[in-house]
Amino acid sequence: MLDTMTATATGISNAILRAKNLDVFYGEKQALFSVGIDIPEREITALIGPSGCGKSTFLRCLNRMNDTIPSCTIRGTVEIGGHDIYARDVDVVELRRRVGMVFQKPNPFPKSIYDNVAYGPRIHGLAADKGELDEIVYSCLERTGLLGEVRDRLDAPGTSLSGGQQQRLCIARAIAVSPEVILMDEPCSALDPIATARVEELMEELRRNYTIVIVTHNMQQAARVSQHTAFFHLGTLVEWGATEQIFTSPSDERTQGYITGRYG
Amino acid sequence: MTRAEDTARRLKRRHRAEKRFRLYGIGAVTSALVVLALLLGTIIVNGSSAFTTTEMRLTVFLDPAVIDPDAKKNRDDLLQADYGAIVLAALQKRFPEATGRSERLQLLKLASPGARDVLRDMVMADPAVIGKTVEVSVPASDNIDLLRKGKMTKAQAVSGGKMNERQFAWYDKLAADGLVRGTFNTRFFTAGASREPELAGIWSAVVGSFMTLAVTLVVAFPLGVAAAIYLQEFAPKNRWTDMIEVNINNLAAVPSIVFGLLGLAVFLNYMGLPRSAPLVGGLVLALMTLPTIIIAARSAMQAVPPSIRDAAVGLGASPLQVVAHHVLPLAMPGILTGSIIGMARALGETAPLLMIGMVAFIVDAPTSPMSPATVLPVQVYLWADSPERAFAEKTAAAVLVLLAFLIVMNGLAIYLRRKFERRW
Ligand SMILES: Nc1ncnc2c1ncn2[C@@H]1O[C@H](COP(=O)(O)OP(=O)(O)OP(=O)(O)O)[C@@H](O)[C@H]1O
Ligand SMILES: [Mg+2]
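Protein chains in written order, with the numbering used here: chain E, 133 to 396; chain D, -15 to 408.
Treat the hints with care, since some could be wrong.
So the derived list for chain E, only partly shown, Cβ under 7 Å to chain D, looks like this [to be verified]:
no., residue
1, V222
2, R228
3, R229
4, M233
5, N239
Straight-line Cα separation of at most 25 Å, DSS-like style, residue types lysine-lysine; simulated pairs [said to hold, decoys possible]:
no., chain 1, residue 1, chain 2, residue 2
6, E, K161, D, K116
7, D, K77, D, K116
8, E, K243, D, K403
9, D, K93, D, K57
For the record, the hints were derived by calculation from the structure and aren't laboratory data.
Cβ coordinates follow ideal geometry from the N, Cα and C atoms, glycine included.
Construct the complete structure from the given sequences, taking the supplied hints into account.
So, in structure tokens, the structure goes:
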């Protein structure tokens, strides 16, 4: 409870997502304990913490991906624009359009590059005709810096790209449905430093239009790309705030210990 | 002993064990291949002769006094005419010495009863031939066929009471004149069942098998895939679904004759569907194939990587869209392979079909799934049971045809798998 208090004490005015008293259980086992956090709009929030502390679990709560795990139960609220996403009347399909996701391992569909990006707009009916669809696909590929590399092989399977290209394709696929928030779960852990740098650049670029929440194990990455950082430990949100403050003067010694590499 | 020596010894032992295992493997594969080759070899040796048949070339006078005594060319009269007398007359012209009643009968027996049908068909097709003398090839009797192919010796024919010396003499004369010859046996592929081995064919059984399998496919494939989708993607995990799953696995192992009993009780006795019909056979085989398809479809869907589902769900695809757009297309090669293998098993089934009366003697190919029919394996069973020696080669030949169908189906399964897999 104490943690939530400190958390809400630093409350943020431009929050797009707001979690309150979030408890998550996998069957009997509790994975998250009363997590409360604000995610500011059009900024990058990094979630850090030792393995198994519940970062992915929390991230998946934000677009209800945990619904697909039968044993998972959730208490508390997550609000997007002031509406609880766990309310009865919420359309999960629409929610996931507004809150997109990029996964740890690049997972393009075994379809063409074009179809990968076009899939979201198609199922949500975002393009009236082929022309509009083309426009969406091209602009998303352009924004992820992929268009130049794949322009003449849009019919090639998405799985034929390199790992870094695949991950950027997945990001292009995620932004093709014009989400408000993009959740990224360790998006660079399978990439080499060069590809990682490209994805980081891309996040910086995307920040102008989207809110990004990123889970990362890489402290430098968190420090480089994010404006806000939240530190999780054993299922609790220990502290969160401006990245600079967390990395230079953390208020909790566990945070201090983790970012200086004493454990985790 | 030093550590290095010890390691070297272990390594040697491991290599020896590996070599031994490889030898066991090669031995197992070789013996399996030998048995398979033996099996195929005997079937081919026994069956290939059924693909040729023996014909006699006769000079036939289509005597109007016999065929059309009152010259009205009435179709019914033409159909009913005594064509046997015409065949006999043609043979007698070659062998005038056969005059006694029993001799004439023996002479007529050189030709198959199918000879009359050949003449009848000729007259019916064009009644203008009545009164003319024509050269016709007519089927020889099964005994002559066997003699010519060397499947029966003269001694065997005599001891079996099939032919006598006089008939041998006539046959030898005909053969010496070049009037007896072997031809490709089209009748085997176009005719239905017959009591005369030389006239029997597999066509009606092939059509029956085809109809039965069509019913099986139409019923079992959609049902099986739909059940698999529900169980795999939508069903809650609880005691009920666990029980259903266990029972589906059990059903796949139930002896096929039990499905036949079920079909007899439900489709024939309770629902009153006709006996011996492809519809009922297809339904019974569908019940039998259903678990196979469900299990194959489920494991194929299970093999679809979860990351693909996550990607689709993360984009906002509904559960149905996830299945329809991603899981099913990726699982389709596996589902098709499993289904085709299930169908191939159904194609070879005999026991359950015997239970629902598909052992009928079917001359004409079935015209609808409700008309009486037989299927290839049942035809094999019936022929294998026939006392006539000449049916032995038919049995083996029908088995060859059945094997050919199975090979084609398995080839199709492989082709489909390759085709779908190659895309990505
Ligand atoms: N599907 C699941 N079923 C049961 N328990 C789970 C499941 N997913 C995660 N957990 C448990 O919940 C806790 C938090 O897991 P989570 O995946 O959120 O950790 P994480 O912080 O993302 O770790 P990592 O950095 O290794 O990815 C862990 O103890 C884990 O064992
Ligand atoms: Mg994780």
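Here is how each hint holds up against the structure:
no., hint, in the structure
1, V222, "violated, 12 Å"
2, R228, "holds, 4 Å"
3, R229, "holds, 4 Å"
4, M233, "holds, 4 Å"
5, N239, "holds, 4 Å"
6, E:K161 with D:K116, "violated, 99 Å"
7, D:K77 with D:K116, "holds, 15 Å"
8, E:K243 with D:K403, "holds, 15 Å"
9, D:K93 with D:K57, "violated, 29 Å"
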